[in-house]
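Residue numbers (our numbering), protein chains in the order written: chain A, 41 to 386; chain B, 41 to 386.
Treat the hints as calculated values from the structure; they're not laboratory data. A couple of the hints might just be wrong.
If several chains are the same, the list does not tell them apart, and a pair holds so long as it fits within one copy or across any two.
As the list claims (entries may be wrong) - No more than 30 Å apart at the CA atoms, straight line, and that leaves these computed lysine-lysine pairs for DSBU-like: (1) Lys250 x Lys110; (2) Lys110 x Lys91; (3) Lys115 x Lys287; (4) Lys91 x Lys333; (5) Lys110 x Lys272; (6) Lys287 x Lys330; (7) Lys330 x Lys115; (8) Lys106 x Lys91; (9) Lys290 x Lys333; (10) Lys272 x Lys109; (11) Lys109 x Lys91; (12) Lys106 x Lys333; (13) Lys347 x Lys250; (14) Lys290 x Lys110; (15) Lys182 x Lys91; (16) Lys359 x Lys347; (17) Lys112 x Lys333; (18) Lys359 x Lys272.
There are 2 protein chains.
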Amino acid sequence: MPAKSQFISLREAQSPFFVGIDLGGTNIKVGVVDDWGRPLSWLSLPTEAEKGPEDAARRMGEAVLKAIKKAKLQKHDISRVGLGSPGTMDIPAGMLVNPVNLKGWDNFPIRDRVSFHCGLPVAFQNDANAAAYGEFWAGAGKEYHSLVLFTLGTGIGCGIIIGDLIVDGENSHGAECGHIIIDSSDDARLCGCGQRGHLEAYASATALMKRAEELLAEGHPSSLARRFARAKPQNRNTKLIFEEAEKGDKLANQLVMEAARWLGIGTVNLLHTIDPSIVLLGGAMTFGGKATKTGKRFLDAVTREVKQRAFPTIAQRVKIDFASLGGDAGFIGAAGIARLEHRQEA
Amino acid sequence: MPAKSQFISLREAQSPFFVGIDLGGTNIKVGVVDDWGRPLSWLSLPTEAEKGPEDAARRMGEAVLKAIKKAKLQKHDISRVGLGSPGTMDIPAGMLVNPVNLKGWDNFPIRDRVSFHCGLPVAFQNDANAAAYGEFWAGAGKEYHSLVLFTLGTGIGCGIIIGDLIVDGENSHGAECGHIIIDSSDDARLCGCGQRGHLEAYASATALMKRAEELLAEGHPSSLARRFARAKPQNRNTKLIFEEAEKGDKLANQLVMEAARWLGIGTVNLLHTIDPSIVLLGGAMTFGGKATKTGKRFLDAVTREVKQRAFPTIAQRVKIDFASLGGDAGFIGAAGIARLEHRQEA
């Protein structure tokens, strides 16, 4: 996803400064952020997971120093580094446990190894929680006291922030809300995790693609059939559904509306559990956001489902919107978590 | 429900002292509690909701003073009073908004009126959250960092505590987890709130009675048929199901196991959202707790469903147990919330 934030100059920036690292299965993004969550620099490097975690930790450490230089700062200007990483993990221990998208990185003390390689203290958090904190601190949630972020992509990531609390759980499994059960019937859809009936099996990009293929196989007429047939396997994704929906294809639009309905149901469960100020939708599968007809229809349909199903007071007051930091939420949020830890210890 | 706690004497008690009020639709329970959550006294009075909220506020104020006297303390020994109340409510404002079980008490500033009548500062919270805080502070959750309590009765109440945070939400609707959707099909069971597919429509006492009547109407043989036929309407409740299950009736036992399975599904959703240290089951519908075969089977069945459906790390580590304070959880928890507020302001 493209960077949405503008860089600010050192002259405009407000100290203290933090560095955020967003570790992904394919790429790593590293950036320097000021005390208001505004980025001064960022750079990207390939994860190259196959080279192993120690090599990546070394390159992350180097990238931190490069990003600091790029921001025209010195290492001693940085109060702390934050690292957001995919799980499973042990957050208090700073350990990766069994990260599905980083094969062979099991039981690696990543927090301390990155800290060793950059020579700075490092705060550690789950990537979805870091993105949620980014939106909370410096994005679409910054005016609000509490927030739920759904990151819609291959899976459904989730982060919950209540005031200064990141709901990361006792076993580093807090806010795994892609895996709440919304259909408890025996033939509920199968989730990527192996269980049935999870939100992720209904409203993720993976679920949407599967549903599209089901409906096309049933012979429903749609311009999607040709798009799918012509696309290379690696390009056969929800972007095609979005584009056809935007052009007015009925089936593509129906698919988007269905996903919205399921996401609305999942959102109601979060509202009746957390009752947050705002729910944000982010990630690759936001259908172009409010800039597009389809994105607007998607948001409206989620909101409509919520208003029909949530308690009246909540339905009336909760704000539902798109996230605003795009692909920057991860590193900005990681920096925010470094800042939070720094302030809590001060 | 009977009081489970033992009183302690003033000599054993640890200052400062707090008073807790548990306001219910039928009765009000008021007790003095020490700094460790141990009750020194308690008394009960009828709510007599029909006399209106101002009258009840006056009698609650008087009961606070009586409970203090009963504990052999003086008013100036009390740091603060806590009041747990059914909703809907506005917690920060100290207002009842539209309490379903207290007809005609709409938009009443109950916190300040009780404070006026007892001459002490009053902290205000939802009753289910207060009960959860009671178990967290002084009951079955007291060794743990975070907790979810399900109160199983006519409805399903829920409270979520994470460290010092009571998850009461931005609109005083936090932890309304009786109303999370676990069945999103169009013919899902109807909840008392008017919506479909809510946990409460599957695992509350009301749901269990409805299901029992359905199965009996279908002609399933059971000793319950005779018990139900002979019981006065006001005694036709889940206690009969429990007693027949305990005696070995197959259908009664099946009903208990079904409720446990649904509750297990709801619990998984809480685990994948909050990831708490412990989940407690309390309220009238706990089938005698661990002291009975049926209670043990109920707890085992909830645990089994959770272990099958939750992430492995959570399934392995989370503790699931019965609450321990019984009907005292409400006033002890309300006192605990008074203590929490007192400490946060100190």
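Comparing the hints with the structure gives:
1. With identical chains, the CA atoms of Lys250 and Lys110 are never at most 30 Å apart, being 43 Å at best within one copy and 67 Å at best between copies.
2. When the C-alpha separation of Lys110 and Lys91 is checked against a cutoff of 30 Å, the pair qualifies only within one copy, where the shortest distance is 26 Å, while the shortest distance between copies is 72 Å.
3. Taking identical chains as interchangeable, the C-alpha atoms of Lys115 and Lys287 are never at most 30 Å apart, the minima being 50 Å within one chain and 73 Å between chains.
4. Taking the closest pair of Cα atoms, Lys91 and Lys333 never come within 30 Å of each other, the shortest separation being 43 Å inside a single copy and 56 Å across copies.
5. Neither within a single protomer nor between protomers do Lys110 and Lys272 lie at most 30 Å apart by alpha-carbon distance, with minima of 38 Å and 80 Å respectively.
6. Taking the closest pair of Cα atoms, Lys287 and Lys330 come within 30 Å of each other only inside a single copy of the chain (16 Å); across copies the shortest separation is 62 Å, beyond that limit.
7. For the homomeric pair Lys330 and Lys115, neither the shortest alpha-carbon distance inside one copy (39 Å) nor that between copies (59 Å) is at most 30 Å.
8. In this homomeric assembly, Lys106 and Lys91 come within 30 Å of each other (Cα to Cα) only inside a single copy, at 21 Å, whereas the closest approach across copies is 72 Å.
9. Taking the shortest alpha-carbon separations for Lys290 and Lys333, only the intra-copy value of 14 Å comes in at or below 30 Å, while the best inter-copy value is 57 Å.
10. In this homomeric assembly, Lys272 and Lys109 never come within 30 Å of each other (Cα to Cα): the closest approach is 40 Å inside a single copy and 81 Å across copies.
11. Within a single copy, Lys109 and Lys91 get their C-alpha atoms as close as 26 Å, which meets the 30 Å cut-off; across copies the closest is 72 Å, which misses it.
12. In the homo-oligomer, the alpha carbons of Lys106 and Lys333 never lie at most 30 Å apart, since the shortest distance is 40 Å inside one protomer and 65 Å across protomers.
13. In this assembly of identical chains, the alpha carbons of Lys347 and Lys250 lie at most 30 Å apart whether taken from the same copy (28 Å) or from different copies (28 Å).
14. For the identical chains of this complex, Lys290 and Lys110 are neighbours neither inside a copy (48 Å) nor across copies (73 Å), given an alpha-carbon limit of 30 Å.
15. In this assembly of identical chains, the alpha carbons of Lys182 and Lys91 never lie at most 30 Å apart, being 38 Å within a copy and 46 Å across copies at closest.
16. Proximity of Lys359 to Lys347 under the C-alpha cut-off of 30 Å is restricted to the intra-copy arrangement: shortest distance 11 Å within a copy versus 35 Å between copies.
17. When the C-alpha separation of Lys112 and Lys333 is checked against a cutoff of 30 Å, the pair qualifies neither within a copy, at 41 Å, nor between copies, at 70 Å.
18. Taking the shortest Cα distances, Lys359 and Lys272 never come within 30 Å of each other, neither inside one copy (39 Å) nor across copies (48 Å).
In this structure, the earlier hints numbered 1, 3, 4, 5, 7, 10, 12, 14, 15, 17, 18 are contradicted, and the remaining ones agree with it.
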